[in-house]
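Which chain is which? The protein sequence lines are P and X, in order. Here the first sequence is numbered in UniProt numbering, starting from 1 and rising by one per residue. Here the second sequence is numbered in UniProt numbering, starting from 1 and rising by one per residue.
Derived by calculation from the structure, the hints in this document are not laboratory data. Being a predicted model, the structure only gives us computed values, none of them experimental. Misleading hints may appear alongside valid ones.
[What the hints assert, rightly or not] Partial list, computed: chain X residues near chain P (C-beta under 7 Å): (1) L72; (2) D104; (3) C105; (4) S109; (5) V205; (6) M358; (7) L362; (8) V420.
All C-beta atoms, glycine included, are put in the ideal place defined by N, C-alpha and C.
Residue-level listing of the chains:
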Amino acid sequence: MGSRASTLLREEEIEEIKKETGFSHSQITRLYSRFTSLDKGENGTLSREDFQRIPELAINPLGDRIINAFFPEGEDQVNFKGFMRTLAHFRPIEDNEKNKNLPASEPLNSRTNKLLFAFRLYDLDRDNKISRDELLQVLEKVDVEQKMSIRFLH
Amino acid sequence: MEDFWAGVLWALRIWLYLIISLIMIPAMFGFSLGISETYMTILVKTLEWATLSIQKANAEEEKVNASASNGLIQREGGSMEKELEELRRSRPKPPEGGDFTLSDCFYFSRRGIESIVDDEVTQRFTSEELVSWNLLTRTNNDFQYISLKLTLVYGLGIFVRYCILAPLRITLACIGLTWLVIGTSAVGFLPNSRVKFWLSEWVHVMCYRICARGLSATIHYHNRENKPKKGGICVANHTSPIDIVILCNDGCYAMVGQVHGGLMGILQRAMVRSCPHVWFERSEMKDRHLVTKRLKDHVNDKTKLPILIFPEGTCINNTSVMMFKKGSFEIGATIYPVAIKYDPKFGDAFWNSSKYSMVSYLLRMMTSWALVCNVWYLPAMHQQEGEDAVHFANRVKSAIAHQGGLIDLQWDGGLKRAKVKDTFKEQQQKKYSSMVVGDDSSGNSD
């Protein structure tokens with residue numbers, strides 16, 4: 001179980017994911033262990049069935065929509081990079097990141113991106129039909145940073 | 001050329017004599033020459049030294065944090081009601097009590113992602129992650145090169161385990177199983193009498209002892225005054241088929257199970273000749289009434305041995321106890337709960353049947369360091385007045401989990417292969433919809 005997992009993930013890939021998502025090295029390797037344990041077909045990607053095998057997710061009323069959020073438009077498989085990209089939305093916003101001069105593109109776990117994730121849960125056909133300005137105004141008063149973050153252990 | 005074969009034959013003879021005299025005979029009669037104890041002491045010291053070296057090397061890298069907490073995330077323990085109320089607190093409360101906000105989805109999406117990263121159930125069907133490496137290749141999870149000494153010990157360990165211990169253990173296991181078949185068949189020829197009964201018990205225990213030596217098993221039995229008695233049902237948590245060897249080293253039980261073909265079938269037919277076991281045909285297992293009746297008949301016959309049942313129905317990885325099937329708790333017999341806990345440092349006892357066949361599993365067991373486990377006999381439990389079988393089963397399960405230091409889960413072990421029932425999903429939906437619609441005391445909210 002997971003004994004060869006870290007050797008299949010190359011150092012360059014770990015560095016890329018680190019830059020893109022902000023997870024630490026050990027968090028990435030442990031999440032890769034989790035990824036491979038969910039991947040029953042052992043082909044390096046997850047399908048919708050792999051997610052539905054998790055009982056707690058299967059009984060979640062929004063379970064199907066959350067699973068959809070992992071899969072890009074029209075695709076049925078998600079690789080580890082895509083998996084991490086979606087999980088990165090739930091990384092807590094660290095204090096030192098708030099004040100830093102951010103790089104050109106916004107980090108995945110910014111307030112806006114967290115709201116975008118929640119927005120997409122409602123926008124089932126992904127055509128942005130719901131007026132985004134109105135929706136964001138409604139959610140402005142809510143504590144987005146805390147409610148849409150998970151404490152990942154090191 | 002002939003000299004070579006003569007030499008090999010001679011070496012094999014010496015090897016067999018050594019095994020029989022030093023291991024088999026003491027095992028048969030239940031005393032020990034102290035060889036295994038010495039091996040275990042050396043092993044424990046080696047593993048402790050290895051743990052210390054790894055910890056020292058990792059101290060600078062702050063990996064100590066990882067070993068303290070085995071989880072990936074830290075969960076907030078809030079209920080649905082509490083969390084949703086917090087999310088809605090910025091809005092004025094509507095008079096009817098029910099409410100919907102777009103931000104409700106935050107709670108569900110967070111719980112959903114949390115369960116994707118780390119959930120309670122799927123981790124029970126794979127081997128437990130070790131806190132510290134135990135010098136086996138199979139548990140090598142992202143551990144880098146520490147020191148030359150450690151690598152040498154690791155290499156020596158591989159040689160000892162594969163070239164010395166494994167052949168020894170395989171020989172013992174084969175002898176044990178063959179002797180079981182021959183012995184029980186021989187006893188089966190005797191007429192029913194107390195002598196036959198005593199002999200049958202002796203043959204069974206003896207063969208299981210040889211098999212236990214074949215796995216280098218060190219078993220600690222606790223509270224032996226609570227041992228299961230005739231006419232009762234013994235229930236235990238299930239980790240692998242080896243549980244049977246562990247329990248039968250200390251007493252005789254009647255087994256319950258499906259009739260198999262091949263090697264298992266030979267074993268089953270031999271065992272049933274000397275004392276009654278309960279073997280079902282595949283078709284009979286579907287008929288619950290037939291199963292209950294046969295078990296009841298066996299239990300009511302006070303001369304028959306206690307039945308051994310694993311109510312989880314499948315192998316779990318020894319970190320938790322999953323839902324007990326209520327079938328065995330409806331019979332009305334005395335239940336003797338037993339908790340079995342393996343020490344994962346010396347070898348992983350869990351049988352992941354989707355990953356390993358029985359043969360490769362047994363080979364893995366024979367190339368581990370050893371098998372160390374604790375068995376606790378718990379006091380007998382009876383079904384109380386007005387208590388239904390499910391509640392009784394949960395009570396027994398909690399007692400076993402508490403004694404063995406395992407987590408008590410309500411989930412069904414059958415989730416290993418099957419999907420979760422829709423009723424559980426509907427429960428969650430109902431709960432949320434009652435928060436949206438509000439507490440309707442007239443009961444129209446369905």
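Using Cβ atoms only, decide whether X/V205 comes closer than 7 Å to chain P, and label the hint accordingly.
-> Since the shortest Cβ distance to chain P is 34 Å, the answer is violated.
Classify the hint on X/S109 as holds or violated, based on whether any CB of chain P lies nearer than 7 Å to its CB.
-> holds (6 Å)
Would the hint on X/M358 stand, with a C-beta cut-off of 7 Å toward chain P?
-> violated (18 Å)
Does the CB of X/L72 sit less than 7 Å away from some CB of chain P?
-> It holds, given that the least Cβ distance between X/L72 and chain P is near 6 Å, below 7 Å.
For the hint on X/D104, just tell me whether its beta-carbon gets within less than 7 Å of chain P.
-> X/D104 check fails; min Cβ-Cβ to chain P is 9 Å, beyond 7 Å.
Per the CB criterion, is X/V420 less than 7 Å away from chain P?
-> holds (4 Å)
May I ask you to test the interface hint for X/L362 with respect to chain P, counting a Cβ-Cβ separation under 7 Å as satisfied?
-> violated (18 Å)
Should the hint that X/C105 touches chain P count as held when the rule is a Cβ pair under 7 Å?
-> holds (5 Å)
Violation of the numbered hints given earlier is confined to hints 2, 5, 6 and 7; the remaining hints are satisfied by the structure.
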